[in-house]
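If you read the sequences in order, they're chains A and B. Just so we're aligned, residue 1 is where the first sequence starts under our numbering, counting upward by one. Just so we're aligned, residue 1001 is where the second sequence starts under our numbering, counting upward by one.
No more than 27 angstroms apart at the CA atoms, straight line, and that leaves these computed lysine-lysine pairs for DSS-like:
hint : chain 1 : residue 1 : chain 2 : residue 2
1    : A       : Lys18     : B       : Lys1226
2    : A       : Lys23     : B       : Lys1189
3    : A       : Lys18     : B       : Lys1186
4    : A       : Lys18     : B       : Lys1009
5    : B       : Lys1003   : A       : Lys23
6    : B       : Lys1009   : B       : Lys1186
7    : B       : Lys1086   : B       : Lys1009
One-sided excerpt, in silico: chain B residues whose CB lies under 8 angstroms from chain A:
hint : residue
8    : Val1004
9    : Gly1021
10   : Pro1181
Hints were generated in silico from the structure; no laboratory data involved. Note that the Cβ used here is the ideal one computed from N, Cα and C, for glycine as well.
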Amino acid sequence: MPRVVFREERCKGCELCKEFCPKGIIEMSGIINIMGFHPATVIRMEECTGCAICARMCPDLVIEVEREDKAIG
Amino acid sequence: MRKVFARPKSMKDMPMHYCPGCTHGIIHRLIAEAIDELNVFEQTIVVAPVGCSVFCCDYFDCDAYGASHGRAPAVATGVKRVLPDKIVFTYQGDGDLAAIGTSEIVHAAARGEKITVIFVNNAIYAMTGGQMAPTTLLGQVTTTTPKGREKELNGSPIKMSEMLSVLDGSAYIARVSVHNPAGIFKAKKAIKTAFETQISGKGFSMVEVLSTCPTNWGMTPLKALKWLEENMIPYYPLGEFKTPTEVV
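Just chain A, same shape as in the assembly (with noise of 0.2 angstroms):
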């Protein structure tokens, strides 16, 4: 099963990645981030591919992406 890891301390809630999820499984958490911004988070973990487009689009590298096939790009 695929997992991303979000580094919420670094969240910017730019909202890139919650635009641009396929599976539109991306929200922004109701909590406040160190820099007092409301971070991205994933809501439903399972539905989640590791297709890792809302890391490449995250302007601030906080999101990591870990599968169990071959890397991509």
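Knowing the structure of chain A, use the given hints to seat chain B on it.
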């Protein structure tokens, strides 16, 4: 489980100072990935500009110079000529490259200096507070063009890629955009080709990356990407304007 996406090795693990949604971070990452994939991390030297990306050497984990405003291609020329085995690239914005540094970039390209230029075009002076740049679109509102840029008063925006591609010294000139995942893939490919052009000694290479400035455009990051796609791409067409095979 293996990591299929993580921070490139040639980028330092520190938070970036850019505004939320600023595409500088994406472009930094693409450069770092290209450096990693070409395995030239140890030989790479970056010349930092003046502008929002003035601290880009804080994020690239390679040797760096800071150039005066617009003079990065001149500094890179010196570095590359003294250390020809190094991979030298400049990272410049449109205010830096297309305004105060026009002379330097044109002559570096004309001389065919074997350097790579990453030109981030966001159509505005961002660090100084959103003034009109040479690349500001007609009708675009900035702090110095409150009614929009007028052709009669300010002239038309400069298309740097087209301009430099007609010079004999340039070997690889491309314009890409980072407004969506497909654009990011193409941008990565162009940046890698630019570095390969330098490594094989074919001449001057430049990649113009259309970028957003949500803060000074006065838009949300998502709206800024849409604005880029709808307004900038029609005026600044994407593509490769010159490839090394065309060099005589």
